Amino acid sequence: PSGEVSSGRQVAILGEHDSIVTSVSFSPDGNTFASGSLDETIRLWSIRCFRTECAKDS
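Quick note on numbering: the sequence shown equals residues 1 to 58 in the numbering used here.
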């Protein structure tokens, strides 16, 4: 899940991963973020709709 850092409130579930999300990194412009998972994939997401824009298997 993702959330607001200051409040810890969950704002979305990254359900397209098949395992636990272990890392998240935001783009400098704040429009996109990447998530890495134990399912050995990295996914790029739109921050506006939490939809996957791109996925890459290891």
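Wrong hints could be hidden among the right ones.
[Unchecked claim] With beta-carbon atoms standing in for the labels, derived distance ranges:
1) Ser6 to Asp57: 32 to 40 Å
2) Gly30 to Gly8: 18 to 26 Å
3) Asp57 to Ser7: 31 to 39 Å
4) Ile47 to Thr22: 16 to 24 Å
5) Arg48 to Ser6: 28 to 36 Å
6) Gly8 to Asp57: 26 to 34 Å
7) Gly8 to Arg48: 15 to 23 Å
8) Phe50 to Pro28: 16 to 24 Å
9) Val11 to Ile42: 18 to 26 Å
10) Asp57 to Arg9: 15 to 23 Å
11) Ser6 to Glu40: 30 to 38 Å
12) Leu44 to Ile20: 14 to 22 Å
[To be verified] 16 Å max Cα-Cα, derived EDC-like pairs, lysine to aspartate or glutamate:
13) Lys56 to Glu16
14) Lys56 to Asp39
15) Lys56 to Asp29
16) Lys56 to Glu40
Keep in mind that the hints were calculated from the coordinates and are not lab data. Every value quoted in this text rests on a predicted model; they were computed, and no experiment measured them. For each residue, glycine too, the CB sits at the ideal point set by N, CA and C.
Okay, the hints, checked on the actual structure:
In this structure the hint that Ser6 and Asp57 lie 32 to 40 Å apart at CB holds, the actual value being about 34 Å. The beta-carbon spacing between Gly30 and Gly8, approximately 19 Å, falls within the hinted interval of 18 to 26 Å. Judged by the Cβ atoms, the range 31 to 39 Å given for Asp57 and Ser7 holds: they are separated by roughly 33 Å. For Ile47 and Thr22, the Cβ-Cβ distance of about 19 Å falls inside the hinted range of 16 to 24 Å, so the restraint holds.
Restraint check, Arg48 to Ser6: a C-beta distance of roughly 20 Å breaks the suggested window 28 to 36 Å. Distance hint check for Gly8 and Asp57: the Cβ-Cβ separation is about 31 Å, which falls inside the suggested range of 26 to 34 Å. Range check, Gly8 to Arg48: about 21 Å between beta-carbon atoms, so the 15 to 23 Å window is met. Checked against the hint of 16 to 24 Å, the C-beta distance between Phe50 and Pro28 comes to roughly 19 Å, which is consistent with it.
A hinted range of 18 to 26 Å holds for the C-beta pair Val11 and Ile42, which are about 21 Å apart. In this structure the supplied range 15 to 23 Å is violated for Asp57 paired with Arg9, their Cβ-Cβ distance being about 31 Å. About 31 Å separates the C-beta atoms of Ser6 and Glu40, a value consistent with the hinted range of 30 to 38 Å. Between Leu44 and Ile20 the beta carbons are some 18 Å apart, a value that agrees with the proposed interval 14 to 22 Å.
Under the criterion of a C-alpha separation no larger than 16 Å, the hint pairing Lys56 with Glu16 is consistent with the structure, at around 12 Å. Annotation: proposed proximity of Lys56 to Asp39 holds, straight-line Cα distance about 11 Å (limit 16 Å). For the hint pairing Lys56 with Asp29, the CA-to-CA distance comes to about 22 Å; that exceeds 16 Å, so the pair is violated. Restraint check for Lys56 and Glu40: the C-alpha separation of about 9 Å stays at or below 16 Å, so the hint holds.
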